[in-house]
Amino acid sequence: MAYALVAGGSTLYAFYPDGTSQTLTLPTGYTIGARRLRGAVLGRDIVGVYAPSSPIWVDANNVVRGLVIQAPPLKPTTAAGAAGSLSGTYAGIKYSFVVKDPETGDVLAESELSPAGASVTVASQLIALSNLQVSSNVAVNCRRFYRPTTGGSVLFEWFDLDDNTTTSISAEGADESLPTTPVSDELGSPPAQIELIVEWKNRLWAKSPADPDRVYGSAEKKIYAWPLEFPIGPVGRDSYGVTGFLPRRDELGIGRRESLWKLTGTDKDDFRVVRVAEGVGILAPDTCLVVRDQGYFLGVQFDQIGMYEWGGEGIRCVSDEQVHSWFNTDTYLNRGELKNAFAGYNPATDSVEVFMAAVGGTAINRWASFDLKKREWLGLHRTSAFDPTCRANLLDSNEVGVVVTGGSDGKLYARSETRTDGASTGIALDVLTRFHFGEPAAPDIDHYFGELSVVSKKESAGTLTVTPTLRTQDTNNVETDTAQTALSHALTSGRQRLGRLGVGRGVQLNFTESTAGQDAEIYGYEISPWHELGRR
Amino acid sequence: MPNLTVYDWEGVDLVTDPYQRSKGSLDRAQNVEFSRVQGRGAIRKRAGLSALNSSALSTPIRGAINVPLPGVNQRYIYSYSSGWLRTPVASPGTITTDQFSGSGAPSTAFSPVFTFGSYPVVQPQVRIGNKLFYLRKNNVTGQGQGVYVLDGTTHWEAATVPFDAVDFHPGPLFLHRGRLCAGFVTEVGGVRDVTYVYLIDPVTGATVQAGGTFAATEAPCCGVSYLGQLFLGTSRSGSTGRVMYLRDNGTTWTQERAAAASHAGYACIATYKGELFAGTFASAGTAAIIEKRTAAGTWSTSLTGVDAANGGTFNGMIVFNNELYAFYKSVAPGAAATVHKYDGSSWTTDFDMGAQSTGDVRGAGIIGADLYIVTNQTTGHGIWRRRSGSWAKVATYSAPTGYLYGA
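Here the protein sequences line up with chains W and P, keeping their order.
In terms of the numbering used here, the first sequence is residues 7 to 542.
In terms of the numbering used here, the second sequence is residues 1361 to 1767.
With the rest of the complex left out, here is chain P (with noise of 0.2 Å):
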């Protein structure tokens, strides 16, 4: 007896003639696909559709373009005395320890760059793509002093700088047309002697020197790259802080500016809005203050610090969201450091550590789009975050440096 069988489903058929159809074919073929697991040649009920979230966006979806690339804010790094430390951006209060691979791995401990009146300045750090760039001093005589890169899993040297001496301070690190500046100071006696200015090449590590060295006392501080040429901020035993600048392929370092009496350096420097901000370092007794050149040369008082009695430091600037940010310190003994901003036309006080306990901001960095800084403060060293004009306490750690770091 005949037996009509269908095993070999197809697909949908609305064209050929009923006649002269296959056996396989359908008329409707509503929710089922051709099994590829297990059955291949079944048909079998649709996979489902499952919500990804939760919580529904707005309505409708409009449209959705994958991108196949690592997500922002995955974490954040700082280090402290002795090594890198992890804290992730989704619960930045767990703190982990890295131990990063390569070489340079940090079992010295980091000198501060520079202090005023053991406040040091903002730890300079360099951003490029996704690389740190931050100065290391090497205490090992015949080792060169070294420019090293951090890219979120391991770092490296990225350039060894030509002179060699134990006693020295690395100074400030930017980046000017691509290359990054980098300032040092040799120490003899416990007196600062001769300075060193380098253009690093931060893929080939090239070194040379960016123009003469400055009289001998002066430190480099800060530094930034403004119109076109470098500037840096510096301070000057037994006499007063010099902003001086070099243009290219200059070879002579030239004064742009002495400080007033009192203010024994520039601790910080940065441009804003096509003027350049240089702030200072007090001596008790005079009020710190930062000063702005305009673009066509002509410099003024732009903020004045609240402790002259005690002096102190404005010891770190950075542009955010378009506005300008100064870390201030007093000397004063239990005084707490203040974050102000400057919007292009005044200046208000951001962000009061006072209520939070004594401290000062050693580090500053941009992740994504929040603001963080590392503080070092009494009741527990921690890091701060602006987002959306606010100020968080995220992570609480045990003693700061100040590097900041997201990947």
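Excised from the complex, chain W in its bound form (with noise of 0.2 Å):
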């Protein structure tokens, strides 16, 4: 069954859908530290980065190694060998280094080539080569070694030495028993530290701080070898340089802080980079995903945050008509993290949901919700059972999806129909409607509000708590909002008529309810009648 690569404290685990999990062991030196897990799978390998002190990588097998192999950094000494087979010159001997499952013998990594070694000349001998470099990568445990034929300049591969501590070593091996296809032209080490990581066009691409403003971009299916690269916007316009990627069909958006591009094409000799919009790019790298081809990130436009959309259509902000103050008042959240959001997609609902956290703290502890087909937002919603930490959507041991979020507390939660959060944490169900003024509206004059009624699924227990509030204004023109008595809707009944609302300019509905357990779905309400009752 499919499964997931989880970071929980200081430890790497493949966490399975059915609860079980596996430690799994960090390469001698590396630990995982106190940032966010990001990461890609390509083919059979997931690479993770950021939280791990360097980038790893996790093979089938669940063995982890790190991801940058080093070139072996001096050339190899070249001179005439012992009596053996063969003759000729060969000029640019060198060498890589390379990680080979110990199972198959499968090449899994491979660094850069060596610098080339000096011209040597042998007759009948073999080729002695010594001065060998160890990688310092604990997973290396093979050398190869390439020659030209002799008198050329197109290196082949030549033969593997399998150990990574012999330093001197000869060989021979007749030009034509050499293999026909020259060294391949990709094998370049991945950045030594890298922020953020995704999987387009079956390679990955990623950004270094190192370099910040650059994308560095994988071989094909490999995930070792990283011959590409492309600047990203202006050089050094500020410290952030590249802030997220949204890996669409035919695109990669690749976003700044200031201006969102795009990478497109499909191989390394068509690759290229494309502006799409200045004055308004990604905020939060963890709130980038893709749904349906659409782009979906938390961005910034001058100093207005929001929820962009990029799509076919060009790029639009789906926050500012409805919800601009959650991210841009200190009422809701705290805008000073916002930088720090995640988010995902839930399929049950069709919805993107972006975890931030609440005003006065930093822990992540509210969510909203954008529901995609209705083009409106909920929330902002909280749980009292844990502070979420991140989101993935896996898959369970049925092949079906899971959408998982995990938490402060160690533990990795799923949707559940229970209606409960954790084992028995209730959910605070709070809906405050708009202030009706009548209909249409009229708020400049008294109202009277009669009969209450709500509509909603007939449940076998509960109540929901309805509790009106009445806006009036008295003879000084000072409006007041007055809570009114609380009202008592029996879940059972399916429609229930509640009592007069009262008089005032408009009245509001907050509907609660937060047994575990319980579920509440509501259909709506009725006020009837109502009657204008003229200015005061």
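A few of these clues could be false.
Straight-line C-alpha distance at most 27 Å; calculated DSSO-like pairs for lysine-lysine [to be verified]:
#: 1; chain 1: P; residue 1: K1633; chain 2: P; residue 2: K1701
#: 2; chain 1: P; residue 1: K1383; chain 2: W; residue 2: K380
#: 3; chain 1: W; residue 1: K106; chain 2: P; residue 2: K1652
#: 4; chain 1: P; residue 1: K1383; chain 2: W; residue 2: K463
#: 5; chain 1: P; residue 1: K1383; chain 2: W; residue 2: K464
#: 6; chain 1: P; residue 1: K1701; chain 2: W; residue 2: K106
These are computed hints drawn from the structure, not numbers from a lab.
Build the complex: two chains, separate frames, hints provided.
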């Protein structure tokens, strides 16, 4: 069954949807730090970055290795060796560090090539190679040697030395025994530090804090070979550089704080970077996601923050028209922490869910949901069971999607129809309607609001509390909102008349229910009758 | 009398003028979702969040990466004399019989690839991706001998080598520059006769003979790819074993080394840390040894078996967790097998089956992060697993041949 790579505390796990997990052993010297785990899957390899002290990759056997294999720093020393069968002049001998699967012998990773060895002439001799370097990456278990044919310059695979300790060796092999395929021109080390990574077009793309204004790209289907790099926007414009990736079908969106770019093309010969928009960019890298080829991200346009959608029709802010104040006032959220927000797609509600910190704190404990079909926002949601820390969409043992939320308590939570968080924590439903000032709205005059009836789905038990608030204005024109006596709607009834609401300029209803395990589905409500009483 | 009705719920709207907003808009919608199951249009308390793990991981959870791939170690498979057996990792003591679909379902007994003193060498096998390649003797005249492949669900003949004999023995099988190298020896009147070595494309099955045949009565027992060349360990009737090598595209097998007297053959060969190791079978009065060849071509004795009086064999080697493991079996009646480990500087005895009764190792393989061996023991043949430095028997079954495979 599918599984997830999970970082918890300072430990790396393989986590299975049935709740079991396996602690993975990190390479010597590698640690999991306090940053978020980010990663990408390419083929059967998983690359994890940012939380690990250096980038790691996890193979199909859950063996964890360091991703970065620096090339041998020194050229091999070449000389004519003992008697053998090789004759010719060979210039440019190089070698690489290789990680082989110990079970199958397959090459899992390979570094760039060393500097070229000096020319050597042999006459029925072996070629003696010395001063061979040892890789500091403990996963390396092989050095692969390349040489040309006599007098040639194109390198071909020569032989493998299956260890990371030997410093000298002699070898031969006739020119015609060499493979006909020259050495790959795509070998290249990944960045030593990676902050953001994504898979797109069967390649990995990454941003390194060492050079934040560039995007680095791997070879196709190879996590270890990184021959590509592209500058994104003006170098040195800010300290953030690239702030997020949006892997749409035919375009890789690449965001900075103040602009959005895209990479187009299919292979290294036609990739090119194009500017999409100036003035709007990605604020929170972990909010970037793509749903049905539409990119979503928490972005910033000058000083205005909002949730943006990028698709075939361009970029538009989908939060400004409804919940602008969530992201741009200090009433609801800690705006200083919005850059650390994260997001995920919830297929059950067809919503993009953005997780953020409430005002006054730094822990992420609120989230908002944007319904992609209705184009409406709901929230701000909360739970008392744990603080959310990450989101992932997994597959369970039946290969059905499971939306998982990571918690500050070391648990991963999946959607459950029980209407309970955790083992027994109630979910606090809290819906506050708009003020009704009659229909059409006439806020300048008093109204009589008659009997309220609530229509809901019949439940087997439970009570929905409805608290009306009346807005009145006294003779001094002071407006006051006064909560009235709470009404109780029996969820077992389906429809219930709850009493008269009273007189005022307007009336607002607050529906609440927080019992663990209690469902509540509200179809609607009616106030009947209502009258205009006149201006007072 | 006018009614005010609200059944068209909308989302939160904190922007529009409060007097212009639509009836169904909300000031707050905490912990609700739009109902999509039975009451489309209604709002409903959001779904709960249930913990998948009852035992907490280390805190806090810092991130999760979805891996849409099957997990590892779902099962491992080994074979016995008349079929494949499967035992799941989760409950390794449970054994079921699988008759895999596809041609070549093993109704024919597997022949041990080579025996020394009745004890076979560890069954050679090659893993390429998620497939296991192995040799099978076809006991029917007119049908070529086969390289078979198992993918965990079906197995089929990957290649038929182009010679036909009823009496023959399949020998070594190993990978060389992406192609399988397989050795066979015919038998005439119970005596080893002609050796054939083939290079086989595992995808297309294209087969070419590698070099010429060996001298009569010499048989290939083991092989490895080393320094870009093919190396085979052999045994010779009435003589000692040899290590032979063939250059790529070469036509003639050349002797690299001849074993000392009373070492009838090289039963196993492996490369480790740039050096070549070859283990012998020794007759009574001589201890079996593992010899080592440095990259420069110098041979020396690396390990000596404990039983010189009765002789014995090092019948298999495997590199696991960056160390070389060798399996030893004394020929003495009742002797138990031992597993030895080399870390690049010294050998230690890693496991002594003496306490477990007599037996020998028939197969070895790495599955996930563990080393497994198939054993033939008087108290119950089994599978042993080395995990975190400790050996444990994880399954018992009826009769071994010794292939190991995990999927």
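Which earlier hints can't be squared with this structure?
No hint contradicted; all consistent.
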